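The chain contents come next:
Protein chains: 2
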Amino acid sequence: MKNILGREIPEYIEGYGTVKAFKGAFASLREVERKAVKLQSAEPTEKKVLSSIKDAIEKCTIKDGMTVSFHHHLRNGDYVLNMVLEELSKTGIKDIRVAASSIFPVHAPLVEHMKSGMVTGICANYMSGPVAEAISRGELKYPAIMHTHGGRARAIESGDISIDIAFIAAPTCDTYGNINGVEGKSACGTLGYAVPDAMYAEKVVAITDNLIPYPACPIEITQEYIDFVVEVESIGDPNGIVSGTTQITKDPVGLKIAKMTSEVIEASGLLKKGFSFQTGAGGTSLAVADYVKKLMQQKDIKGSFAAGGITGYMVEMFEEGLFESLFDVQCFDLKAVESYRENKRHQNMSASMYGNPHNKGAVVNNLDVMILGATEIDTAFNANVTTGSNGMIMGGSGGHSDTAAGAKLAIVVTQLVKGRLPIVVDDVTTVTTPGETIDVLVTERGIAVNPKRQDLIEKLEKTKLPIMSIEELKQIAEKMTGTPEKIEAEDQLVAVIEYRDGTVIDTVKKI
Amino acid sequence: MKNILGREIPEYIEGYGTVKAFKGAFASLREVERKAVKLQSAEPTEKKVLSSIKDAIEKCTIKDGMTVSFHHHLRNGDYVLNMVLEELSKTGIKDIRVAASSIFPVHAPLVEHMKSGMVTGICANYMSGPVAEAISRGELKYPAIMHTHGGRARAIESGDISIDIAFIAAPTCDTYGNINGVEGKSACGTLGYAVPDAMYAEKVVAITDNLIPYPACPIEITQEYIDFVVEVESIGDPNGIVSGTTQITKDPVGLKIAKMTSEVIEASGLLKKGFSFQTGAGGTSLAVADYVKKLMQQKDIKGSFAAGGITGYMVEMFEEGLFESLFDVQCFDLKAVESYRENKRHQNMSASMYGNPHNKGAVVNNLDVMILGATEIDTAFNANVTTGSNGMIMGGSGGHSDTAAGAKLAIVVTQLVKGRLPIVVDDVTTVTTPGETIDVLVTERGIAVNPKRQDLIEKLEKTKLPIMSIEELKQIAEKMTGTPEKIEAEDQLVAVIEYRDGTVIDTVKKI
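As they're listed, the protein sequences go chains A and B. Just so we're aligned, residue 18 is where the first sequence starts under this note's numbering, counting upward by one. Just so we're aligned, residue 18 is where the second sequence starts under this note's numbering, counting upward by one.
With the rest of the complex left out, here is chain A (with noise of 0.2 Å):
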């Protein structure tokens, strides 16, 4: 069948099930369910520190088939993950569920993991690195689920994931498993990812290198949801948790793009008192950041809040007063570690609460300006981050969609043209973020604006900002580099890539 962006996807798969179409992206908003989450309750004089994660394995009772989980706050210095799966693979358990939060290069062993068949399925928000090739390649049983961030704790949620064992990496943890990622040696910040794991999992088994006497005050995950703790010697590396800074680019044309997008901000008319803001980490985005304060600044502007990873440039941007209070669902950097410890209007928030469609309100509703980039937009103004141009899988929704969905205005910023290749094009290799939720695409060479947004394009015809049509910066494009050529995929499905509300938006085939 075909979905509403005429997406060509199967009715039933193979280890994913029935699937559901999506059908646009406001429209499965309604009455849903919370799951009932059954759990073994504690005895009061009952210890919860194991000796190690082979017991906690044992104690957890761990079958065939199951579903374990895993959150990504450790980034490409995770230890967790492939420590309990090395256990795992000594109990010669097999068809094993692996649901990441996201999947970074660190966790290459997890490859043999699947090969050996322990591992047959997979969901991440995003992965990168050596599985994300494998499963390209077709490597794992089962296609791979892709969710959005928010639609990851939606999916916990709801009970379309059922974790049976959550595995929680944890920076600090007290003996009856209370929870913070602002204090030890593998200090992250805030556990905005993990939460959903806590709450909804079966059985839950905090993984800590600082195991500490009751109790881990501020606590951020508590210990009513955590069954045992184990202590081992490192849970990550440093390095690979949180870089040192975070830096805006030099560069001339993403400069460029960062002072054209300050611009649309402002000739929006959103850019008053009040104003919130969401940006990633990336050189060019961070540059927006830094354009956007200046106007601030000039104009005397109060923000609320600013929202997302946080990094030490929207820290800096919060302490000069720009911003009330951040909301944080990830530090992206050791100064955004220091100021969530620090300050309580640095405000953590869960994934659910940051972009669950399915709550009573996620903050991404609460957005005016979204930061977004793109591998591939097409002139229907979908946009892929989740595979290159050949089709690899590189990448994944994180909160893109989440955040385009909700945010007053979603910008797309990004080179016309990269690596010799046109990024807007006619159709996208795969969609992530669908068209209705983006609003303008911005280049070095021209800013198009969605067609849906008509009260934007009088305001933008109105500055000297080069709008022009999408189809025009694809022409521009095309000019430059030719018009590429289609990729051939195979017609085995590596990946479903489900839209926020689990809806099924595209699939990934193997190359």
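These are computed hints drawn from the structure, not numbers from a lab. The structure displayed is predicted, hence computed values, not measured ones. The reader is advised that the hints may include incorrect statements.
Pairs involving identical chains hold if they fit within one copy or between any two copies, as the list cannot separate such chains.
What the hints assert, rightly or not - Computed list of lysine-lysine pairs in DSS-like fashion (alpha-carbon distance at most 27 Å, straight line): (1) Lys19 / Lys435; (2) Lys52 / Lys37; (3) Lys469 / Lys273; (4) Lys64 / Lys290; (5) Lys319 / Lys65; (6) Lys267 / Lys435; (7) Lys202 / Lys361; (8) Lys65 / Lys361; (9) Lys64 / Lys476; (10) Lys273 / Lys310; (11) Lys316 / Lys290; (12) Lys52 / Lys76; (13) Lys289 / Lys65; (14) Lys52 / Lys65; (15) Lys469 / Lys132; (16) Lys311 / Lys64; (17) Lys290 / Lys311.
Once you have looked at the hints, place chain B on chain A.
Leaving out everything else, chain B in the frame of chain A:
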């Protein structure tokens, strides 16, 4: 039928259902389930602020037979329960169950709603004043259900109480439903008792007298649980919400009991590094804290935490470094509110985290010493804090049963005789807390240790403390007062006393 304590209880109660008999304090710990929750997911552009309580009631489509809930953080200053019921009474609705975490004298207008038939059921963890008296006189259609603080959280999470609409008094709330209790003219501190209501009710309405721009950081109850926000002139009377400061008793008998109690604690061996402690806000309880404080100072002991409803007195001990942290479900005075606002190690806890026996481990499980009161205690150490010896409801468990079950050493402190009535009796009028969870009774005339605590008896017999059997204490009391007459209760059952696990430990009859 009779339960394990020999209390006669029906097998079925109209308006309550099938009775599960109490089988012992730790008999029900096993696999349990947190219930599924239906909700209406928000449209991204939807607003939550409504113009009145009347509007909120209409939007929530209230029906006959529904359960509406309230928290008691505003105590005897609360306006919200009365305002909502007043509005409900204009709709002609009937057969409503009011699930309030506690009911105070200020809630007297509820009596009229009982008489009119609008309110036919009430659940509460504690009740005093006209509503308690009217229930005792048989003026509520169905028996009231009395929970413990942890038991109410359990009942809400399990679905034993299914809340249709929770009305949450919010000292500060933003336009998207984020709530905190530390700012605004009605600031009351932590909001621990309201957390289960917010998480498990189908509809949740925040009622605030301090509606502020988004976001209300530091947020305690988050937006994803809130459907609607209503601003009113005032949610409560500041004089009734928090007392100025709490005071140590000056009564010499109270001081004597407190000193002996501190000596019992010392002799128990629990007073060492990592010590944890909870006491109520009464004058004798605070005097115990004062003696414990001096012992901790003398011996240079650093405790881990103090818990419960937090008083300024506990804040002082915390600020002097005698405790690493405070676990706060409810701030008792302004000093506690201030400390909670300013100090990240003054940690809030939900009612479930505090005392729910059916989660993965509540804070009470980590308590070393708990200081409790009692209106009566029998020779099996069963304690009554629910009814007076005349059978009139004038209290309830609150956290009494929860902390007694969790603490390593649960001590009841009381004068041996009050108002010419002996406190130690053959059978308490109403069992609130089972004797198996109470370790010691300290009175001015002597100390009785529960025979099941032979270890403690051995330790205390090495001291000069006046250790005797509880029967001896009873005899001393009866020599002073004469044997009390048995009260004659009528057959009509007016309240069901649920133990924290949802079994029925006793009932209260009409007087």
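Q) Against which earlier hints does the structure fall short, listed by number upward? A) 1, 15 and 16
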